[in-house]
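Engineer: Each chain is listed here by its residues.
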Amino acid sequence: MPDDFMQETNELNARLAAEALVVDVEGFEGPLDVLLLLSRTQKVDLRQVSILALAEQYLIFVEEAKRLRIELAADYLVMAAWLAFLKSRLLLPPDPKDEGPSGEELAAHLAFQLERLEAMRKAAARLMGRDQLGRDFFVRGQEEIYARKRVVRFEANLLDLMQAYARIKTKDDFEPLSLQRDAVFTMEQALERMKGLIGEAIEWGELMQFLPDAWRHDPKMRRSATASTFAAALELVKEGRMEIRQYQSFAPIEMRLKVDA
Amino acid sequence: MIEEEKLESLFEAPPMGEQERMVEALLFASAAPMSLMEIENRLPHGCDAKEALLHLGKRYEGRGVALRRIGDTWAFRTAADLGFLMQKEQVEVRRLSRAANETLAIVAYHQPVTRAEIEEIRGVSVSRGTLDMLIELGWVKLGRRKMTPGRPVTFIVTQVFLDHFGLETPADLPGIKELRAAGLLDNRPPPGALLDEAAEAVDDQDDMFE
Amino acid sequence: MIEEEKLESLFEAPPMGEQERMVEALLFASAAPMSLMEIENRLPHGCDAKEALLHLGKRYEGRGVALRRIGDTWAFRTAADLGFLMQKEQVEVRRLSRAANETLAIVAYHQPVTRAEIEEIRGVSVSRGTLDMLIELGWVKLGRRKMTPGRPVTFIVTQVFLDHFGLETPADLPGIKELRAAGLLDNRPPPGALLDEAAEAVDDQDDMFE
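Residue numbers (my numbering), protein chains in the order written: chain A, 228 to 488; chain B, 303 to 512; chain C, 303 to 512.
Worth flagging that the hints you see were computed from the coordinates, not collected in a lab. If a hint is listed, it holds; no wrong ones were tucked in.
Derived BS3-like pairs: lysine-lysine, alpha-carbon spacing no greater than 30 Å straight-line:
1. B/K448 x A/K396
2. A/K396 x B/K443
3. B/K448 x A/K349
4. A/K465 x A/K485
5. C/K352 x B/K390
Let the hints inform the model, and build the full structure from the sequences given.
Structural biologist: Okay, here's the thing in structure tokens:
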């Protein structure tokens, strides 16, 4: 069966390619680079490359990398998801209700991208293969301009300008850190206040009763005063001057003067 | 206006042979390429530097030193086939990374090109240092903004780039005609990208000014 | 001795025309005059540098450039009668100071802008010299008076400025975010920059030049 045979060789090629790639995933410049290399295993003109086969090879490559627990950048996984989608579009008959681009259009664009990247690689190589100044041809070794008159010319480029402007602009973003202090009831204040109050707290009283009147209304101020009053109470308990209790989670916290001592 | 013309005729321009000598001396003495305007500013009044350059170029054809046109500028450079004699003058040409090579080629062949276009062609994001380094080498510079939504900045190659690779103009880049004919220099958006782009354009608009 | 001669004849020396080209290129690119020996050492085996120099000297007779013998060495020099062309104005390129760059940037981005507005944006008073100098350079000029109390004068950038920076309109100036995204700007001010600036503000008055 020639078909089976084709399939087998394809699979073999894909396996070989995948193995070759997985060894050295670091060396690749992104998923397009991998696809370009995989497409070479098809040994055809890039214009006739089978995108379906390519998608399969790529998915195998990603699976293989996962199996070997090789860390793949997100780009590779995005491409894998996209190729899986493309594959399903290419395999399924086109849905007339579907408005998006057809599988063929998407495949043609990917083929174009690969061909363009390949073309740019070759162009870069040809460029670097050209004669270069300072290596193959040379400038005048001894310049002969005799200076007579000095003229000052001011030089500034766009980058200087931009950097100057950015400097001014970023200055605004970096104001020195300062805290908004007016809504903070400090622990020191709370302790001071509690020490004055505990003498009269012979009965159990709720934490909220100990807050200063002015700090009970605005939610921000109340939060701050509650926290610092509670912390001050703990401090006094530690010193053995107060008792504190709570029957269950979120139940009111109560405290009173420690009587015995 | 008439006054000016009278003034000119008072100082007759030197004969063309003499003008050619002058341009020869000027360009020979300078390592940096000179523009037509720079040359003309140094020549006596009434000289035709363009014509003189034409004669000069012919005279040096096939010599060990050649008159080269680099963009809008001119310079003498040694003939490339004699590079093997110049080990002593050779400066170490920094080998660029593959990413830098590709980015440079893309800027040269697709210019003016935006950063997003470079990334689209390479299929990876352009790392911070790459464009920076090409700009620092003096091979790439900022071009005009693109007249597309968001008016993104573009990158183009410089005269220093042309000089380095012995190119008269970007149109002399190897294989550029074939690439263009094959449609490989087209900016072909991915199918179905129109919607995305419109959305992006709106975002870009915000980025324009801070 | 006889062996040597045989060896030489195996590698035939290039024709004299070629040798002349080689010497021409060598002397052009050399940073210092070269002795006969130095030239011969750089030429392929079997070349006759003396003979080549003779031919070369003849070829350049009467040209804008002459082959000169200086002691035991050889070099190209521009023809003595053309020395007047070489008396070039020596251009000293100076970078704009930070204060000038910042002021220029503000004018470009915020034009038409008053002096008070510049000071408010920079957070530092602008010295007289800075704006004067930018005006003298031809990069900034006076714009219309502002229709606010006191009708203060405004400053705007000029066509010369746009040409120098390769911009078509002031709106072509890249946005800060764009440049940052392109990796062309640092994201953060260098550590201690805030302190430095405070110190600098004091002596900003006369630091027009760097």
